[in-house]
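*Asks:* Sequences and hints are given; from them, build the entire structure.
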Amino acid sequence: MDIKSRSPGSGLTVMVPAYNEAASIVDTIRSIQAQTLPPEEIIVIDDHSSDNTGDLARSCGVTVLRPPANTGSKAGAQNFALGQVHTPYVMAIDGDTTLAPNAIELLMPAVKEPGVAAACGFVLPRHVRSIWERGRYVEYLFAFTFYKPIQDYYGKPMISSGCFSVYRTDLLKANGAWSTRTMAEDMDLTWTYYEAGHGVRFVPEAVCYPIEPHNYHFMSKQLKRWSHGFVQNVRCHWSGLLQIPFLRTMVVVALWDATTAAIAYFLILPLLAIFVNPLFLLGYLIDIPCVAVPVLYKAVGRKEVVKSLASLPSFFLLRFVNSLFVLEAVWSEIVMRRTLKVYEKGH
Amino acid sequence: MIAGLPGTGIGGIFYLVIAIAMPIRELFHKAYNCSYRSRWGVIALTLGLVVAIFASLWAEVALVSAACLWLQGVLQTDLHLANAGLSEKLSAAGAPLFACMAASAAFITLAVLYAVTRILGYYYARRAKRRSQAARPVFIPDQRLYARSSEPWRAYVERQRVLE
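Chains A and B, in that order, give the protein sequences. Positions 1 to 347 (my numbering) are the ones given, in order, by the first sequence. Positions 1 to 164 (my numbering) are the ones given, in order, by the second sequence.
Hint data in this document are derived by calculation from the structure and do not stem from the laboratory.
Here are the simulated lysine to aspartate or glutamate pairs, DMTMM-like style, with alpha carbons at most 25 Å apart:
1. A:307 <-> A:205
2. A:307 <-> B:60
3. A:341 <-> A:328
4. A:112 <-> A:205
5. A:173 <-> A:113
6. B:30 <-> A:152
7. A:221 <-> A:344
8. A:224 <-> A:344
9. A:112 <-> B:26
10. B:30 <-> A:113
11. B:129 <-> A:195
Simulated restraints on C-beta separations:
12. B:36 <-> A:238: 30 to 38 Å
13. A:115 <-> B:28: 15 to 23 Å
14. B:28 <-> A:205: 24 to 32 Å
15. A:204 <-> B:56: 17 to 25 Å
16. A:129 <-> B:56: 26 to 34 Å
17. B:52 <-> A:271: 27 to 35 Å
18. B:28 <-> A:59: 54 to 62 Å
19. B:104 <-> A:115: 37 to 45 Å
20. B:103 <-> A:59: 53 to 61 Å
21. B:52 <-> A:235: 35 to 43 Å
22. A:196 <-> B:21: 20 to 28 Å
23. A:196 <-> B:133: 16 to 24 Å
24. B:17 <-> A:263: 21 to 29 Å
25. B:17 <-> A:205: 25 to 33 Å
No residue lacks a Cβ here, since even glycine has one placed at the ideal position from N, Cα and C.
*Replies:* Quick look at the structure:
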């Protein structure tokens with residue numbers, strides 16, 4: 001093993017599951033190696049990539065593991081590497097995600113708090129060019145500035161994002177690590193922690209930059225996985241969720257917005273506008289300030305006001321598309337009982 | 001991913017309500033000496049955002065009302081024959097009325113969902129407790145020994161169960 005992959009002191013191992021990430025894996029590893037608090041070990045799991053992801057990772061001086069066969073999911077790849085982790089903390093970072101230089105240093109204190117099993121950071125798209133990336137940029141700015149800090153205050157962030165989260169290794173192993181039963185292994189693990197009485201923290205100062213889908217083809221794969229993953233997790237955890245006060249309301253509200261409100265949006269609002277009063281069309285615009293205010297607040301701090309304003313319309317398109325995917329997922333998973341089992345990479 | 005929908009969704013109102021509840025909750029924490037200074041920073045920032053959101057919503061409604069008034073004037077003067085019905089519908093009072101109706105509907109929906117999840121949560125918590133109690137070994141206290149005890153029966157049984 002190369003000396004560069006080991007750095008004593010932090011008690012942290014970073015694992016990077018990667019499948020055909022040749023275009024981005026070097027940037028990811030370099031950003032981890034350049035941290036103000038470097039991890040003790042970096043493990044890249046080359047999940048039988050058909051490109052040279054493994055060779056590129058090896059050239060950066062990190063440990064590269066290759067399972068006997070493709071594991072079929074990110075969760076599978078991470079579980080394969082978990083046996084090799086001997087540090088008290090383990091971090092999962094996607095193969096296309098880079099970190100701000102002090103991200104690990106800022107995130108680690110949160111996971112060391114008593115009762116905390118995992119901590120996650122602020123996520124922002126690395127590239128903001130296409131309409132889909134712009135929509136995601138506003139979505140993340142809004143959610144991580146307004147929703148997530150409130151969830152953290154109430155002690156229940158809905159999800160510890162899989163692209164950049166740190167976990168206590170002993171609790172991770174004790175809770176069965178990353179389950180492969182759903183398409184959203186990070187949400188599954190987060191809710192499992194809550195059911196077991198553990199805490200999860202959100203640290204807005206620790207920032208990561210994943211590459212988001214740049215076209216509809218890749219975005220649709222990701223949205224399908226996420227929406228089915230959400231519904232699958234609700235199905236898996238519903239009786240446990242109902243006993244967790246804040247989380248149960250949050251999940252029910254999200255499910256309501258994604259289903260009943262979607263039907264109102266696509267069907268009832270247009271009918272009301274045609275047959276009752278055209279003012280019902282305002283329903284499509286009424287929450288623009290709710291989105292724009294937190295987005296602009298964060299954008300001012302990041303000196304990205306023009307970029308955020310230019311991206312705002314894309315958010316409403318993305319949300320429209322999100323709603324279609326969630327409706328499809330509810331129909332497939334709950335009504336038709338057709339569970340999505342094939343993990344398709346989003347980009 | 002956010003799939004909440006404009007106007008019809010309740011996610012926005014839910015977060016606004018619980019954001020407003022944050023300082024009240026923190027004051028309770030303070031009363032029980034478990035309040036942290038760092039949490040007040042988050043509360044202040046969130047409340048600032050909430051105030052800005054309400055201000056911008058008010059501005060939006062005022063803007064839409066003004067636009068309706070202008071449109072009503074245009075329709076009456078230029079297109080009054082063809083759009084007489086539409087002109088009546090686009091009254092200046094319509095926008096605030098619609099906003100109030102949408103907000104009321106969202107609040108009622110939110111309250112109903114909250115109540116339903118709370119009741120279901122209570123039911124499942126009780127069921128889980130009953131199941132865990134049923135899984136415990138049956139303990140039959142000695143009635144003859146209790147005859148010599150002066151404590152209430154329930155307290156006696158619990159104490160004996162712990163001793164077991």
